[in-house]
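Student: Chains as they are written, first to last, in the numbering used here: chain A, 1 to 66; chain B, 1001 to 1368; chain C, 2001 to 2261.
Think of the hints as simulated: they come from the structure by calculation, not from any bench. The model shown is predicted, which means the values in this text are computed figures rather than measured ones. A hint or two may mislead.
[Unchecked claim] What follows is a list of derived Cβ distance ranges for each label pair:
no., chain 1, residue 1, chain 2, residue 2, range
1, C, ARG2103, A, SER19, 32 to 42 Å
2, B, SER1240, C, ASP2122, 27 to 37 Å
3, B, SER1035, C, PRO2102, 39 to 49 Å
4, C, THR2091, A, LYS38, 17 to 27 Å
5, C, ASP2059, B, GLU1012, 39 to 49 Å
6, C, ASP2122, B, ASP1200, 52 to 62 Å
7, B, ASN1009, A, ARG43, 53 to 63 Å
8, B, ASP1200, C, SER2188, 19 to 29 Å
All C-beta atoms, glycine included, are put in the ideal place defined by N, C-alpha and C.
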Amino acid sequence: MQIFCNGRQQDIDEGVTLSQLLVGLELPADTVVAEINKKIIDRDQYETLKLNQGDQVELIRFVGGG
Amino acid sequence: MSSGFKISNFTELRAQILSGTANRVSAALNKQTCSLDDLAALLSLPAEDYLPQMAARSREITAMRFGRTTQIFAPLYLSNFCVNRCAYCGFAADNNIPRKKLSLNQAEQEAEILKQRGFNHVLLVTGEAPARAGVDYLEAVVRRLKNRFAAISIEVQPLEENEYGRLFAAGVTAVAVYQETYDREIYKKIHLAGKKCDYDYRIATPARAAAAGMREIGIGALLGLADWRCEGLAIGMHLSWLRKRFWKTNFTVSFPRLRPAAGSFEPLVNVTEKNLTQLIFALRIFDPDVGLVLSTREEARYRDGMLGLGPTRYSAGSCTAPGGYSSNEHDGEQFSVGDHRTIDEVCATVSEKGFDPVRKDWDREFQK
Amino acid sequence: MLTITNSQFSSRLFVGTGKFSSAAVMKRAIIASGAQMVTVALRRVDLENPEDDIMSHIDIKKIHFLPNTSGARNATEAIRLAHLARAASGTPWLKLEVTPDPRTLLPDPVDTLKATEQLVKDGFIVLPYMNADPILALRLQDVGAAAVMPLGSPIGTNQGIQTALQVAIIIEQARVPVVVDAGIGAPSHASQAMEMGADAVLVNTAIAIADDPVRMAGAFKQAVEAGREAFEAGLGASSTTARPSSPERGRIGEQLDFIDG
């Protein structure tokens, strides 16, 4: 199935969780905040939250800024 | 507002003023903005030697902020009934004077006389007798008078915020409520009976009136009750506290000196014209924007001399007894005046000295 | 001590973390600056080339994180970024930036006020970046801003405190701390802001682009401390005309012979 992650179309298997997606992207879960369909996801849901066809996933983290 | 205004006791204020030296006075005179420590220095004894320099600075600031104008107003005494016993006041409940409260028609008659004389700003005054001259009465008077005047101020008993809100809606533009003295101990001694005994309720009143949306709040102290230097510093503290919280509000300060009144109260401390002058200059230098009121308690000679040096608002042609304008009756007055000239005479002098006598400053019509 | 809401800071220098040549230099510069408050921005992770996580370079036990909403063009975007920032950082502290004009990056006063009001209701500790407009500072304070951050000159310009007259009014009137932000290009600018009575300054570009950012961070530390010390010591007034340094008693003033006694 297809999702959109940070604006990029991506194919993933059915039933993949958010934390599995992050592992695949080599992003430690505690360094990013995830928004799915404009809703912020609590970190303790990453393990259980399964992604759905067409989900808009935004992965955001802190960078340098003034 | 969560926390109210707290004033230090006079012992602490006195210590702050005693730290004023000639050098600190000189430094304060050269600053763009003055701190409370600078105000303390300007109120100190060594500052007396700098009075001409303080006058020059005060004149410069006043001209810059207010231009060559002087606002003129008259008090309209509505009622001299009073439940308080304030040792210094002619209206005190135990003074044997004729008591009177103007009916709405009488109030209108007095107002009409002031209007004919050219006043466009009146200050409505009552003693504290809520049962006789409460908010309903004041509201009715203001609704009757409001079309005659551009601005209506009140100097009446302290009210609740919602009551100030009602009067603002009725057309009141400004509230004057003086602490009389910021010295808690002396306050206790001279307020012998009545609601006014509550120092804390009174000191919180300007904030209530400002919170209700009043455009202008007048504060001040009655000079002759306590150390005037400390009163000056306390006024400065109260003023800066209020300014931080109510930045949309204009503020004025009055410096009524005790004058002879029924009940023959002798001032507890002597405040000379020189002292008053220093106080006025110090507050002007401390707060360039504050309106400074000089009433008819002071003599014509002094009032004329002070034109342009700091004060921005003069009362004129005042009678301090209810109904005094229509009857020429002076019995039952709050205090006797020092400047007996009519408004036209006062305005003529103001003009002669190169100032524009402003009979109104704001049109209530625009007030929402 | 600088107090913002209920938090105390012994350092009055805030440091931005943008534009550094490397995370290692940034880390050393922050330590040299003595700053206890650093700003960070939020961005989408670049999936092709994920950078290091900036949080791993900063000791969040010692240093307060102040996430910003940089990039937001209006109140709605800023509010969304603010909520993401809180989820990511775990703190309600926020430097609110709403900059619709990408050229000047000047803050939008209307949307900044709107967003501040909403975010305060949402439980944030909001420090809005604003133009040096005294009335706006009061309006922001009235809706619950924890501090105000007026600009000295447009961001990244290193032009110093061009808004000094306005900033002085803000400092005089505000009940909340005033943090001068943007435009501080040299330690002397930081000193000037502190001498004027600012509660703190925020510096980023001037440190990040110096030849030696670590030494420059130290220079700013000293400048901020000196400026604050001078303010607390009570500066003498300046004047455009000569004033005698000997006593002025007896100098010509007003004639006051009308006074009785």
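Student: Now tell me if each hint is right for this structure.
Tutor: Here's how the hints hold up against the structure:
no.: 1; hint: ARG2103/C - SER19/A: 32 to 42 Å; result: holds, 41 Å
no.: 2; hint: SER1240/B - ASP2122/C: 27 to 37 Å; result: holds, 33 Å
no.: 3; hint: SER1035/B - PRO2102/C: 39 to 49 Å; result: holds, 42 Å
no.: 4; hint: THR2091/C - LYS38/A: 17 to 27 Å; result: holds, 22 Å
no.: 5; hint: ASP2059/C - GLU1012/B: 39 to 49 Å; result: holds, 43 Å
no.: 6; hint: ASP2122/C - ASP1200/B: 52 to 62 Å; result: violated, 36 Å
no.: 7; hint: ASN1009/B - ARG43/A: 53 to 63 Å; result: holds, 55 Å
no.: 8; hint: ASP1200/B - SER2188/C: 19 to 29 Å; result: violated, 48 Å
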